[in-house]
Amino acid sequence: MIDFSLWDVVRNLLLAARWTVALSLIAFIGGGVVGLALLVLRLTGSRWAEAFVGAYVQVFQGTPLLMQLFLAYFGIALFGINVSPWTAASVALTLYTSAFLAEIWRGCVAAVPKGQWEAARSLALDFHEQLRHVILPQALRIAVPPTVGFLVQVVKGTALASVIGFVELTKAGTMITNATFRPFLVYGCVALLYFALCYPVSLYARGLEKKLNVAHR
Amino acid sequence: MRITFDFAAVLTQWPLLLRGVAWTLALTAVSAVLGVAIGVGGAWARSAGPRWLRTVAGAYVELVRNTPFIVQLFFVFFGLPAAGVKLSPETASVIAMVVNLGAYATEIVRAGLEATPRGQLEAAASLALTRAQTFFHVVLPPALRKVWPALVSQIVIVMLGSAVCGQISTEELSYAANLIQSRNFRAFEAFIVATGVYLLLALALRRALNWAGPRFLFGSRA
Numbered sequence: 001m002i003d004f005s006l007w008d009v010v011r012n013l014l015l016a017a018r019w020t021v022a023l024s025l026i027a028f029i030g031g032g033v034v035g036l037a038l039l040v041l042r043l044t045g046s047r048w049a050e051a052f053v054g055a056y057v058q059v060f061q062g063t064p065l066l067m068q069l070f071l072a073y074f075g076i077a078l079f080g081i082n083v084s085p086w087t088a089a090s091v092a093l094t095l096y097t098s099a100f101l102a103e104i105w106r107g108c109v110a111a112v113p114k115g116q117w118e119a120a121r122s123l124a125l126d127f128h129e130q131l132r133h134v135i136l137p138q139a140l141r142i143a144v145p146p147t148v149g150f151l152v153q154v155v156k157g158t159a160l161a162s163v164i165g166f167v168e169l170t171k172a173g174t175m176i177t178n179a180t181f182r183p184f185l186v187y188g189c190v191a192l193l194y195f196a197l198c199y200p201v202s203l204y205a206r207g208l209e210k211k212l213n214v215a216h217r
Numbered sequence: 001m002r003i004t005f006d007f008a009a010v011l012t013q014w015p016l017l018l019r020g021v022a023w024t025l026a027l028t029a030v031s032a033v034l035g036v037a038i039g040v041g042g043a044w045a046r047s048a049g050p051r052w053l054r055t056v057a058g059a060y061v062e063l064v065r066n067t068p069f070i071v072q073l074f075f076v077f078f079g080l081p082a083a084g085v086k087l088s089p090e091t092a093s094v095i096a097m098v099v100n101l102g103a104y105a106t107e108i109v110r111a112g113l114e115a116t117p118r119g120q121l122e123a124a125a126s127l128a129l130t131r132a133q134t135f136f137h138v139v140l141p142p143a144l145r146k147v148w149p150a151l152v153s154q155i156v157i158v159m160l161g162s163a164v165c166g167q168i169s170t171e172e173l174s175y176a177a178n179l180i181q182s183r184n185f186r187a188f189e190a191f192i193v194a195t196g197v198y199l200l201l202a203l204a205l206r207r208a209l210n211w212a213g214p215r216f217l218f219g220s221r222a
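Residue numbers (full-length UniProt numbering), protein chains in the order written: chain A, 1 to 217; chain B, 1 to 222.
Next up, chain B with everything else stripped away, as it sits in the complex:
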């Protein structure tokens, strides 16, 4: 038996793949920013918010972390329109990704917040900082710095998870691969090329975020 591969048939479709990569990265970028923002808010709510808010944030985290992303995506895309909210595939994808990342980021950031030494809080209090000032200037930056590697991992996981968004015809990378294989019937080649590109994206994204975080997000001081 001979297996013949025809990678040329896939690679000649590079504009499609490139477009897919662009969409994947765009979805990831938006979700990363909004998701981490939700994570910070959620972590604050869970550790310092009023009792009812803690419960709500806790329920949100557990609900999202114990259900598959694809079901969350289908719920947003197919379910919400039935409740009167009409969404484009791209919007639905971003919402699902943000909600998903937000829950994981909440847990990650919370772990960082809880590692704050008591003396720091006492020092902030003795400087007469308000609660908000204490949170944003004293507690949050070192907490983020501490958990940044975990956040980066989670962002990479969400980027890889976005492959599922092709199922609701968001035109990201896996959608491009699917489109290519439906044109030339080279399914294995199309998917292996896409998988390779995902691997490269994951490695590059991890490296870029690990590099950029300490420089731009919370200052380069160690």
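If we strip away everything but chain A, and leave its shape as in the complex, we get:
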């Protein structure tokens, strides 16, 4: 039997953590783009758009991410497309992230005083210009800390992609456990690596919150 040193375990986990980071970035960027589109759609104020985005957010926030991953995996396959875990995980996590970001950002836009909209309108700016030059720059300031904080949720969410066979940090942990029979050590290391990824982001988000809040008062 081959002996695995602690370094072997950690090295392999670190290699797998690359894919956790990559998937997180895909989900975050993709979710940001879709989320922004949803936000703008909702801000147009049409009742239909409001209902659609509301339902979208409700569905993705009210169902388990694991189920969303399964549905992406088996749902895309229904169209006769051969889905890799990469595709399914990217699609599911992007949609999941977009719903949360759309909701977070909606709150930030709502925090911009109504008078700002009215002032912009009285300057004869059209809806696009109102958003671009008046509302979004102000909302963005408020939005940064919770958006950064949500990144932690995304990183943790990628762990579920292991269930549909995406080899990232958690899946690598399972595979290494099967080879080494040392679950306590391996899953302990997996948890610590996630912590190493997430904790700095959490701290940064908290720092931003304090900084921007103080400036705001």
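Derived from the structure by calculation, the hints contain no laboratory data.
Please note that the accuracy of each hint is not assured.
[As the list claims (entries may be wrong)] Covered by chain A, according to a simulated footprint, are these stretches of chain B (three or more residues, beta-carbon under 8 Å):
hint : stretch
1    : 79–91
2    : 124–135
[As the list claims (entries may be wrong)] Not close to chain A: a few residues of chain B, all C-beta gaps over 10 Å, as computed:
hint : residue
3    : A8
4    : L16
5    : R19
6    : A26
7    : V30
8    : G49
9    : P50
10   : L53
11   : T55
12   : E114
13   : P142
14   : P149
15   : A150
16   : S169
Built from N, CA and C at the ideal position, the CB exists for glycine as well.
Starting from the known structure of chain A, fit chain B onto it as the hints suggest.
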């Protein structure tokens, strides 16, 4: 291309789904009670405990909030037996869920505790209440009332998160869906039905807790 759905194949398995729902709700109920209790204890420890206890509680909160639930679950179920603790899937699930909810609840309740006006504490002191009396009769009830919506949200999140417990063969709802699709190969239908049920459970649970909290937990006085 035609896609045909066969929902009947899934719906005829309703006893399995029902059993899954029952397990999901049971896991959630136990975790909610114990998790919120830990949250109250943790919040007290973080805001009023001795220095070392604050550090321990702080480390617990940060560790749990910055690692995925599935890893916590695997650590409890696969890791602890190696350290000599043998657990059934259900016990492991409950432990992981309680530990997880406890950390988030600690932060939520703490935010409520910190919002206590100073005058309330001074009033309690002038009535010669002990520290424990002050905490349980003066500080805690309004704090809980204030943060109850946030706690409810977190309990719903933990309920949805319990879908992962099927991975260690706890027989909750997602496990039932998996079992059904392995019997009739109707994977998409099985998961979409389960997802719909989760959505209904989330809506119902939120509504029930928002209704029950003010009535039974901290009195109906606003």
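How the hints compare with the structure:
1. Using a Cβ-Cβ cut-off of 8 Å, 5 residues of the stretch 79–91 of chain B lie near chain A, which meets the minimum of three, so the contact claim holds.
2. Proximity of the stretch 124–135 of chain B to chain A, defined as three or more residues with a beta carbon under 8 Å from a beta carbon of that chain, is not established by the 0 residues found.
3. Against the 10 Å criterion, A8 of chain B stays outside the reach of chain A, whose nearest CB is about 17 Å from its own CB.
4. With a closest Cβ-Cβ approach of about 16 Å to chain A, L16 of chain B is found to remain outside the 10 Å limit, as its non-interface label requires.
5. No beta-carbon of chain A is positioned within 10 Å of the beta-carbon of R19 of chain B; the least distance is around 18 Å.
6. Listed as a non-interface residue, A26 of chain B keeps its Cβ farther than 10 Å from every Cβ of chain A; the least gap is roughly 17 Å.
7. Every CB of chain A lies more than 10 Å from the CB of V30 of chain B, the least distance being 18 Å, so the non-interface label holds.
8. Listed as outside the interface, G49 of chain B is consistent with that label: its C-beta sits roughly 21 Å from the nearest C-beta of chain A, beyond the 10 Å cut-off.
9. For P50 of chain B, the non-interface assignment is confirmed: its Cβ lies about 24 Å from the closest Cβ of chain A, beyond the 10 Å cut-off.
10. Listed as a non-interface residue, L53 of chain B keeps its Cβ farther than 10 Å from every Cβ of chain A; the least gap is roughly 21 Å.
11. Consistency note on T55 of chain B: stated as away from chain A, and its beta-carbon is indeed over 10 Å from all of that chain's, at 15 Å minimum.
12. Chain A leaves E114 of chain B outside its interface by the beta-carbon criterion, the shortest separation being 15 Å against a cut-off of 10 Å.
13. Every CB of chain A is more than 10 Å from the CB of P142 of chain B (nearest about 24 Å), matching its label as outside the interface.
14. The Cβ of P149 of chain B sits about 14 Å from the closest Cβ of chain A, beyond the 10 Å cut-off, so the non-interface label holds.
15. With a closest Cβ-Cβ approach of about 14 Å to chain A, A150 of chain B is found to remain outside the 10 Å limit, as its non-interface label requires.
16. Residue-level check passed: S169 of chain B sits 13 Å from the nearest beta carbon of chain A, beyond 10 Å.
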